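Chain by chain, the residues run as shown.
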Amino acid sequence: MANQPEQATKRSLFSSLPRIQMEKRTSVPKTFQALVPFASVLVAFILGAIPLFFYGVNPIEAYSKLIQGAFGSYDGLIRVAIKMTPLLFTSLAVAIPLRAGLWNIGAEGQLHIGAVGATWVALMVLNSGSEMSSWVVVPLMILAGAFFAGLFAFIPAILRAKLNTNEIITTLMLNYVAFDIMRFLVAGPWRTSTGNFQTENFPPSAFFPEFFGTQIDKVHLGLPIALIIVAVIYFIYVKTRIGYEAKVVGANPQAAAVGGISQVKVIVWTLTLGGAIGGLAGVGEVAAIQHKLIDGISPTLNPFGYTGIAVALLAKGHPLGLIPATITFSALFVGGSSIQALPFHSIYTGDTIQVPVAIVLVLEVLVIVSIIAGDYLSRYRMSWRRHG
Amino acid sequence: MDEIFTLSFLASVLSGAIRLGTPLLFPTLGEIICERGGVLNLGIEGIMLVGSLAGYMAAFYAGGDAWFGMMVGALAGGAFSLIHAFLTISLKANQVISGVMLVLLGIGITEFIGTATKMSQQILWTWKNNWGFKNFFKDLSIFFEDINLIPLSEFATWLQNVEFFGKAFFQHNVFVYIGWLVVPLVWVFLYKTRMGITITSVGESPETADTLGIRVNRIRYLCVFLGGMFAGLGGAYFPLAWVGNWQSMITAGRGWIAVALVIFAFWKPQRALLAAFLFGGMEALQINLQTKNVPIPSSFMHMLPYLSTIVVLVFLSGGRVLKRIGAPSALGVPYERGGG
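Chains as they are written, first to last, in our numbering: chain A, 14 to 401; chain B, 376 to 715.
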């Protein structure tokens, strides 16, 4: 063991399978790495076929209907674009601090605080009975949502920057705090007179403008805002000093310290900005989808905040990569809910069965697991040892 | 208001603290073992969900055998956590990502199997009132009566009816007492056995452990598996010793609290008992105050565990303090020979 020659050779992957040997690559193959996200989606679909098969659903039939549900019709495409919006915001909330090597697990909480901030403005307008134009109200809602969510993310940011408090645990814990604040408001001071756990409907001036779509689903202001932010973040990364500083802190904190880059500054701005953008996800949901604050603006089975982590990983934290990554996850989401209602015939008994929507969550995780495996394979070379 | 300053109110809060603290205690102990070996497992919530569904289904198919259910729940939790072990130890993946993904996978799998079986087999999900763990001392007194040990039977009956203490401590199901027993066992395992000390050394300095001939990754696999078993046990507690049937998201975020409790417990099993019952007590107090119509919004009580964890973490921040109270040095760092 300890007497083995000091090489970069690793012991076998499994001790029981001594013939597979993993060796660290000296250089990472670029094309291989670029292919990993695509291959991961494919592998996820192949692995996801196993539970479907056991359940009695023909996986090919299920997948083709899933893809059809998302991309096969105008309605489906519109729904994909709508679900993309919150995911873009939450994945940006994860990806921006990730650039500096920080983990924001708190996008879910920031989403709720953003929704609370926007609701606060909308309810003030409602209660004052003023006839303010939506040109004033909507920007105010966006600012309030981003401000409160940013402030909320500033707590873990400053704790990490000044006291080195682990941001993973603090952002995680704050999710529940945010959720409780939201629940307190909809159950107490902001509760509608009709008695449900929700606020009054917003005044029309607090609705996001809608552009195109179907009778029920319309693409709203959130999507262009999200796309603009993606472009701005990309610009900051490639063209500005602060973007470069964040990258250095993320890649090599020691070098950053030697180079005179203020870690405190980088930690605070990346986490706070990420949080503020995460808050916009909540603003969009209350101002364009619900038109009120309600317990459950983020789906319980597929919370936007946690899914944002997966999206950011699929995009490898690259801002432009977030767009195809959110389309992928949003399509899974939309296609998954559309096949839930469709009848399938069991391949064992021929009975009519339904596919639980939870398969989407399983597929999403399998995508990420495949990414992890792909990253490993791009760092290590697999070879067969001659003798055991 | 006067109603809450009575012994009977205190007794029901204490009893609730123990009942609600036990499903936190098991996963916390598991996470302590896991983190002491240097692996951060954020996936506890997902593992608990898998344990709860596996335990419930096993108990159901075994005709209501709750003990069998507990065993299967623990094994399922251990097996499920091996995914985390494989990704983080063998593939050297980031432990945060892998943990969060494990939670999502746990929710996905249990929802899938849960809804799938529910749709195909309606009968599985009917409420089974006559199985699962009930009042341990009541069962004990019936058992002693059956084998003609009347004095012991009377003692057990007397114990559960003692003023205040009976209600607070002796009207629980058997798993509460198993939890009390497991704490010293884990303490002995971690501090007094060769394996326990090996685990600590792997979490502190994997390089040194490696030069001493300890197989670092193998030990870490074991830690994750053990941790997963405890989490699975904590998950199985929900359907088998508390709720009585299985429902989706049955653990309701308690797996995340367990992760926080490890910090609260300073990575020490004996403190885990205190921490779990303290957090269980906060929840019990909230429920009990609500029934007495005390005008404190339940949301504020509900966020207390999370806020207090952040406060503790802030006080512990800074390497030296964390080191002194027992945070493993190599926590969260994959081990690779020759640095990496």
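Don't take every hint at face value.
Claimed, not checked - Here are the simulated SDA-like pairs of lysine to any residue, each with C-alpha atoms no more than 25 angstroms apart in a straight line:
1. B:542 with B:552
2. A:175 with B:708
3. B:667 with A:200
4. A:37 with A:329
5. A:175 with B:622
6. A:329 with B:465
7. A:37 with B:708
8. A:78 with B:488
9. B:467 with A:200
10. B:467 with A:39
11. B:467 with A:45
12. B:467 with A:175
13. B:467 with A:78
14. A:37 with B:674
15. A:278 with B:690
16. A:260 with B:708
17. A:260 with B:690
18. A:37 with B:667
19. A:329 with A:257
In short, the hints are calculated from the structure, not lab data. On a predicted model such as this, the values are computed, not experimentally measured, just so you know.
Here is how each hint holds up against the structure:
With a CA separation close to 15 angstroms, the supplied pair residue 542 of chain B and residue 552 of chain B stays within the 25 angstroms bound. Between the alpha carbons of residue 175 of chain A and residue 708 of chain B the distance comes to roughly 23 angstroms, so the proposed pair stays at or under 25 angstroms and holds. Taking the CA atoms of residue 667 of chain B and residue 200 of chain A, the gap is near 18 angstroms; set against the 25 angstroms cutoff, the hint holds. Of the supplied pair hints, the one linking residue 37 of chain A and residue 329 of chain A holds, its CA atoms being roughly 21 angstroms apart against a limit of 25 angstroms.
With a C-alpha separation of about 43 angstroms, the suggested pairing of residue 175 of chain A with residue 622 of chain B is violated against the 25 angstroms cut-off. Proximity of residue 329 of chain A to residue 465 of chain B is assessed by CA-CA distance (about 21 angstroms); at most 25 angstroms being required, the pair is judged to hold. A distance of roughly 18 angstroms separates the Cα atoms of residue 37 of chain A and residue 708 of chain B; the hinted pair therefore holds under the 25 angstroms criterion. In summary, the hint linking residue 78 of chain A to residue 488 of chain B is supported, as the alpha carbons are separated by about 21 angstroms, within the 25 angstroms threshold.
Restraint check for residue 467 of chain B and residue 200 of chain A: not satisfied, since their Cα atoms lie roughly 45 angstroms apart, outside the 25 angstroms limit. Straight-line distance between C-alpha atoms of residue 467 of chain B and residue 39 of chain A comes to about 17 angstroms, which keeps the hinted pair within the 25 angstroms bound. Straight-line distance between C-alpha atoms of residue 467 of chain B and residue 45 of chain A comes to about 18 angstroms, which keeps the hinted pair within the 25 angstroms bound. For the hint pairing residue 467 of chain B with residue 175 of chain A, the CA-to-CA distance comes to about 29 angstroms; that exceeds 25 angstroms, so the pair is violated.
For the proposed pair residue 467 of chain B and residue 78 of chain A, the alpha carbon gap of about 36 angstroms is over 25 angstroms, so the pair is violated. Between residue 37 of chain A and residue 674 of chain B the CA atoms are separated by roughly 51 angstroms; this puts the pair beyond 25 angstroms, and the hint is violated. Distance restraint check for residue 278 of chain A and residue 690 of chain B: the Cα-Cα separation of roughly 22 angstroms lies within the 25 angstroms cut-off, and the hinted pair is therefore satisfied. Pair hint residue 260 of chain A plus residue 708 of chain B holds up; C-alpha atoms about 21 angstroms apart against a cutoff of 25 angstroms.
Straight-line distance between C-alpha atoms of residue 260 of chain A and residue 690 of chain B comes to about 30 angstroms, which puts the hinted pair past the 25 angstroms bound. About 64 angstroms separates the Cα atoms of residue 37 of chain A and residue 667 of chain B, which puts this hinted pair outside 25 angstroms; it is violated. For the proposed pair residue 329 of chain A and residue 257 of chain A, the alpha carbon gap of about 17 angstroms is at most 25 angstroms, so the pair holds.
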